[in-house]
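A.B. asks: Below, each chain spelled out in residue letters.
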Amino acid sequence: MGNGHTFTFAGERLIARPSGALHWPAARLLVVSDLHLGKSERIARHGGALLPPYEVVDTLTRLEADIHETDPAAVISLGDSFDDMAAADGLAPAFRDWLDRLVAGRDWTWVTGNHDPGPTGLGGHAAEGVACGPMTFRHIATDDGTFEVSGHYHPKASLRIRGRAISRPCFLRDDRRLILPAYGTYTGGLRSRDRALAALMDKGARAILAGLPMVEIPMPR
Amino acid sequence: MILRLAPADVGLSAPAPPRSLEALTLARLADVLRAERTRRRGLPPPGGGARLDPMDAPAPPDLPAPLADFFARRHWVLHPHQREMLARADAPSLLLIAPTGGGKTLAGFLPTLTELAESGHEGLHTLYVSPLKALANDIKRNLRTPIEEANLPIRVEDRTGDTSQTVRKRQRADPPHILLTTPESLALMISYPDAHRTFAGLKRIVVDEIHALAENKRGDQLMLALSRLQTIAPGLRRVGLSATVDDPGVIAHYLARHPDPCPILHADPGPAPDIDILPTTEAPPWAGSGGRYAIPDVLREIARHTTTLVFHNTRAQAEIFFHNLWLANEDDLPIGIHHGALSKEARQRVEAAMVRGELKAIVATGSLDLGIDWGDVDLVIQIGAPKKVKNLVQRIGRANHRYNAPSKARLVPANRFEVVECVAALQAVREGDLDGDLRLDGPRDVLCQHIAIVACAGDFEADTLFAEVRSVGPFAALSRAAFEECLDFVATGGYALRAYDRYQRLKERAPGLWGLRDPRAARQIRMNIGTIIDTDNLKVRMKGRGGMPLGEIEEGFANTLSAGDTFLMGGQVVRFETMREMIVEVSPRPEKEPRIATYIGYKWTTSVQLAERIQRILHEGDYSAFPAHTRDWLDLQRRDSRMPEPGRLLIETFPRDGRHHVCLYGFAGRNAHQTLALLITKGMEEAGLEPLSFVCSDYAALISGLRPVPDVARFMHHEGVRDALESWLRGNAVMKRTFRNAAIVAGLIDRNFPGKRSSGKQATFSSDILYDTLHRYDPEHLMLKITEEEAMRGHIDFGRVELLLETVGDRIDQIDLDRVTPLAAPLFLERGIVPIKGRAESRLIEEEAARLLAEAGLAPD
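Taken in order, these protein sequences are the chains called A and B.
Note that the first sequence ends on residue 221 in our numbering; no numbers are left out.
Note that the second sequence ends on residue 1082 in our numbering; no numbers are left out.
Keep in mind the hints are simulated off the structure, nothing from the lab.
It cannot be assumed that every hint is accurate.
[As the list claims (entries may be wrong)] Partial list, computed: chain B residues near chain A (C-beta under 8 Å):
(1) R726
(2) D739
(3) A742
(4) I990
(5) Y998
(6) D999
(7) P1056
(8) S1063
(9) I1066
Built from N, CA and C at the ideal position, the CB exists for glycine as well.
Assemble the whole structure, with the sequences as input and the hints as a guide.
C.D. replies: Structure (structure tokens):
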């Protein structure tokens, strides 16, 4: 359980990792979504709170650990990798170098998201979506998606134990769709019971809670 | 000592009978004892040493003719303390200690009325600040009578969160003579660049219920705002009105411009109150919190009195009680409910009906708790133990404002332990032993907010602001370095990594001169003014277009609701339908039994003093003051276990509901117990004993886990309590809660955004993430220091734990039982359970997930 929760989707064996990353060992593919790099900088730029400016270093540290442990040949960052285009451009040189080192030698795709609709000028390539085997990877789930892996919603779910709710980011899955939690350190969540998610997922949908211990529950509605 | 409870109404009374010599002597004795106690605690002596003797006071000036005529027509004479306030109208600071409704509001306003009647003052003359919006309304009504009847040229207005934007704007340009407001609204007013003009002619400020404000950050914020006003209007005189308190000197120090002296006046003590436990036909349960068993008795009392206030300690309890009261209300007595989670409209309806005299009773919580002046209330019923003696006195003060008739209050203990608590509280009231919980050093998160507020009004000199802040009693000892840290935090975020040079909030325009980099930031700062941190609440309204707003529930509670669940709101049972954006939609569902709402009112804690008194009573073994059912119950505790005694520590262990529990009776206050529980659960986790959570009251700590714990004492080594706890504390829920509050007050986290669309919670994230991130990358940051300061001040009573462990030594009695004991039972109702992240929690999460999957018919993958 420590290294993730294994399940079958689109006939493939996938692993949901406690960090919120998705690992497809047979394809040597690692998928992360909604990194929101540069969020604290963007908030400050818009005159908001001056949050601790450490979320880029924290997110990249965790991403590096996931890459180190899974050694993927390909990485998909599933959109909203940057909190906005200016955050991508304004990334400190040290972080840019760090990202370049992670990208080097891997087939790296930056899927565009609603926060970062254009190319980022970093290594790897940008795309609106990726088709890989039976699966399609895109930022936002479509109405008729089949074997579709997406992000965007930052789903979270809670589990009640002894009258107390434990709330965590989660993966949502049914037979057709898989939605990833937000990977970035400064990201909130949308309750799985929200209409947007409840309408998207089929009756028998499940939620896999990120963090430890990783458990799977029926998707709370 | 005798209790200083005096007659009231608006503060005017029929001619007073002469005070008896005996009462005078006793009152004096009480003062001497009180001063002595203050001295022994090493606090500043009352009034900076200046005790007032009426003989020394200058003769009061004559009232202006219109006022004097008005009083004569009504056959009213002034109370001595009211005359004295008039005589001392020129004092820079003055503190009046008078019982609730003891005519102190008029005493505070008399100098204002006199000055305004005599001179044609232009603009704002007197600012009145109270902790409650409702009080401002009330005072406005009460001032109207003398002003209208004496035909005085005085304009009175209030300004609270409920005041419309148009009126607010007009008030800043054209303020009334007397403005009634709250600390938050005042803070907002001083944040405008035109504050100089608004307040330039200000002469007096009256701070009502200052004893209540001084207990929390609202008071600190207010005093910082006063220091600003004092600069704008140097001749400003301050008057504080306080209920009877244990340490008037501390309040005086709090109120006065440091180091000005602040004389203290004491109002006439009234007759001793008539307080007792309400006799009930049924005995209270072992453990219970609602007082439901007493409903027939409460209805009987309501019918027998003109107007009754029924107070509860939490909103949920008030709701449930009100619901059941209605079910049993066969005579259809008109009864209303009033608490802070109800919508403004609902509250105003009840207040209006009350003023018109249409209600026989109101079921209420803390939202009605301070100083509301409703003349016809002749009985106060307190359901559940009054957690602090002072609250009890306040609530009693509400009743029976007729002169020279004792105030009447009846207590309804919700369970048998509370019977003991009530008896102890009664004893304390009779002995005039008022507990207090005053903070002496100003919290720096409030200072951070103040700096931002000052910046909104215009550029400022750091030196001037520092001097101003040091004139505030609670900040008198603030060091320049500590101030600079706050300034840097507001300006740049104060991070070791200087990431925000381009986006600084404040810019240093010239050496020592600071101002907002972007003036538009002022809007954001203003929207987040205030120091009251609510739990995240969601609005509740009826389903459908334009559905009626009902009030609010805690987000945590909303998260546990599924479609079809029912709960109580405003006295009616409603059914959860859906959550649309951040609004909970419900439909009426009168026929169903409700689930219990977990939103709460004020979180009362018992005072340490009361806890110690209870331990004494229990140990001394004279139970004659208790009803028979409670005596039997205490005897049962003796038979099955034993009674806690001073100098020893009783520990009980027992299984219940598939868990193992450890109960420690420290009688050392909630904070000390919390620290003790942290220490023990740390040891338990390391020993593989799988602790799950703990909860603390002022009497005891209850630890729950998955395994029995033999020899609890081995986890209680008092050497190195501090060292051992530090790293453990860091990751604890208690510290994270403290951090969240401080971060919101200091402005690190915004509660409100301009033009924010409420589209779920995607945009915001947990403050726990910020806390963890700071610890990892910037452990010296100011917010972590403030969190620690707050924790040391409030939540982590290291000193007391060390003292307890030292006193007890090895005199620890662990008794292993097979079921819960009488004394332990009430702990299962205690709020504020602290979860422990560890093996036990993981195990439960895994079990629950497996159960849910099985229940849904889904196979584990």
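A.B. asks: Compare the structure with each hint and give your call.
C.D. replies: Hints and how they fare:
The restraint placing B/R726 at the interface with chain A holds, with a minimum CB-CB distance near 6 Å, inside the 8 Å limit. The interface hint given for B/D739 holds, since its Cβ lies 6 Å from the closest Cβ of chain A, which is under the 8 Å cut-off. Using the Cβ-Cβ criterion of 8 Å, the hint placing B/A742 at the interface with chain A is satisfied: the shortest such distance is roughly 5 Å. Restraint check, B/I990 versus chain A: the minimum CB separation of about 6 Å is within 8 Å; hint holds.
Residue-level restraint check for B/Y998 holds (minimum Cβ-Cβ distance to chain A is 4 Å; threshold 8 Å). The restraint placing B/D999 at the interface with chain A holds, with a minimum CB-CB distance near 6 Å, inside the 8 Å limit. A hinted interface residue such as B/P1056 counts as satisfied when its beta carbon comes closer than 8 Å to some beta carbon of chain A; here the least separation is about 6 Å, so the hint holds. With its C-beta approaching chain A no nearer than about 5 Å, B/S1063 sits inside the 8 Å limit, and its interface hint holds.
The criterion of a C-beta within 8 Å of any C-beta in chain A is met by B/I1066, whose closest approach is roughly 6 Å, and the hint holds.
Against the hints set out earlier in the document, no violation occurs for any number.
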